[in-house]
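**Q** Modelling step: build the complete structure from the supplied sequences, incorporating the hints.
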Amino acid sequence: MKVMIETDRPVALVTGGGGDLGRAIALRLARTCAAVAIVDIDERSADATARLVEAAGCKSVAIRADVSSPHETAAFVDAVEGTLGPIGIFANNAGIEGVVAPLHEYPDEIFDRLLAVNVKGVFLGLKHVLAKMTPRGRGAIVNTASTSAIRGRAGLAGYVASKHAVLGLTRTAALEVVGTRIRVNAVLPGPIESRMIRNLDDQAGRNASGLRRSGSARYGKPENIADVVAFLASDDASHVNGAAWVVDAGMTVP
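Residue numbers for the sequence shown, in the working numbering: 1212 to 1465.
In short, the hints are calculated from the structure, not lab data.
One or more hints might be untrue.
[Said to hold, decoys possible] Taking lysine to any residue and the SDA-like style, the derived pairs with C-alpha atoms no more than 25 Å apart in a straight line are:
{"id": "1", "residue 1": "Lys1343", "residue 2": "Thr1294"}
{"id": "2", "residue 1": "Lys1270", "residue 2": "Arg1255"}
{"id": "3", "residue 1": "Lys1343", "residue 2": "Arg1406"}
{"id": "4", "residue 1": "Lys1331", "residue 2": "Ile1321"}
{"id": "5", "residue 1": "Lys1343", "residue 2": "Val1389"}
{"id": "6", "residue 1": "Lys1432", "residue 2": "Arg1364"}
{"id": "7", "residue 1": "Lys1343", "residue 2": "Pro1281"}
{"id": "8", "residue 1": "Lys1343", "residue 2": "Ala1455"}
{"id": "9", "residue 1": "Lys1432", "residue 2": "Glu1387"}
{"id": "10", "residue 1": "Lys1331", "residue 2": "Ala1376"}
{"id": "11", "residue 1": "Lys1331", "residue 2": "Asp1319"}
{"id": "12", "residue 1": "Lys1270", "residue 2": "Thr1294"}
{"id": "13", "residue 1": "Lys1432", "residue 2": "Thr1243"}
{"id": "14", "residue 1": "Lys1432", "residue 2": "Thr1391"}
Owing to the predicted nature of the structure, the values given are computational and were not obtained by experimental measurement.
**A** Right under this line is the structure:
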């Protein structure tokens, strides 16, 4: 059923919206958006986020999709525009972490899956959303990268390679939209309280020791990242394009 949104407030799309960070982003965007569409490969998690967004007073739909699939990505972008209206904000957030292992022992199939989700998924999201935004000449896209996009991390070959690629895609897309009112930026979270970082910590067996040796005394919260995403997606950041916003409490300061 078509439920077009009649308002000046934008429609937002959040991929990976069933995870800890995606859920925080969706709830933050719900404060300023007319509707927030949630995409995740985990249908139950997507539905749970959509219910929270609606409980916050914002229209929402949940869509189960694999962002690494060209067909499914094209379909969910069309579905969002067909039900809610033109996508004005795209949080290109879906991603996976892989395993912790030395590069010479890193499983080929896990490396391939990381590139499929974290790189091809981001590429496909950009491709299909920009195809909608470009004729309108307006919109904001925020790709979720990581501080692993600007540094190496032992044992995380697949994740690090994929996040470096996300930053490259962000910069390429940003150059291609120069002269329009479309902006493409990236947010680079440090470790945040989430299932993903807990899994990596458990695999590495070091818990928060890496943080204690850094400029950060604690993990960040998903809401810390969501606030920056909301800013980059807002008109307050109208002159920000192609930027890599590090959000890590100083962890990567030289």
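**Q** Under the criterion that the straight-line Cα-Cα distance not exceed 25 Å, is the pair lysine 1343, proline 1281 satisfied?
**A** Holds - the C-alpha atoms of proline 1281 and lysine 1343 are around 15 Å apart, at most 25 Å.
**Q** Lysine 1270 and arginine 1255: Cα distance at most 25 Å?
**A** holds, 18 Å
**Q** Take a quick look at whether lysine 1331 and alanine 1376 sit within 25 Å of each other, Cα to Cα.
**A** Holds, because 10 Å separates the two Cα atoms, which is no more than 25 Å.
**Q** Compare the distance between the alpha carbons of lysine 1432 and threonine 1391 with 25 Å, and conclude whether the hinted pair is satisfied.
**A** violated, 33 Å
**Q** Can you confirm whether the C-alpha distance between lysine 1343 and valine 1389 stays at or below 25 Å?
**A** holds, 16 Å
**Q** Holds or violated: lysine 1331 and isoleucine 1321, Cα atoms, limit 25 Å.
**A** Status holds; Cα separation ~14 Å.
**Q** Holds or violated: lysine 1343 and threonine 1294, Cα atoms, limit 25 Å.
**A** Between lysine 1343 and threonine 1294 the Cα gap is close to 14 Å, so the pair holds against 25 Å.
**Q** Does the structure keep lysine 1331 and aspartate 1319 at a Cα separation of 25 Å or less?
**A** At roughly 16 Å apart (the allowed maximum being 25 Å), aspartate 1319 and lysine 1331 satisfy the hint.
**Q** Please verify whether lysine 1343 and alanine 1455 have alpha carbons no more than 25 Å apart.
**A** holds, 24 Å
**Q** For the pair we were handed, lysine 1432 and glutamate 1387, check the Cα-Cα distance against 25 Å.
**A** violated, 33 Å
**Q** Hint check: lysine 1270 vs threonine 1294, CA-CA at most 25 Å. Holds or violated?
**A** holds, 11 Å
**Q** Hint check: lysine 1432 vs threonine 1243, CA-CA at most 25 Å. Holds or violated?
**A** holds, 20 Å
Hint check: violations occur at hints 3, 9 and 14; the rest are consistent with the structure.
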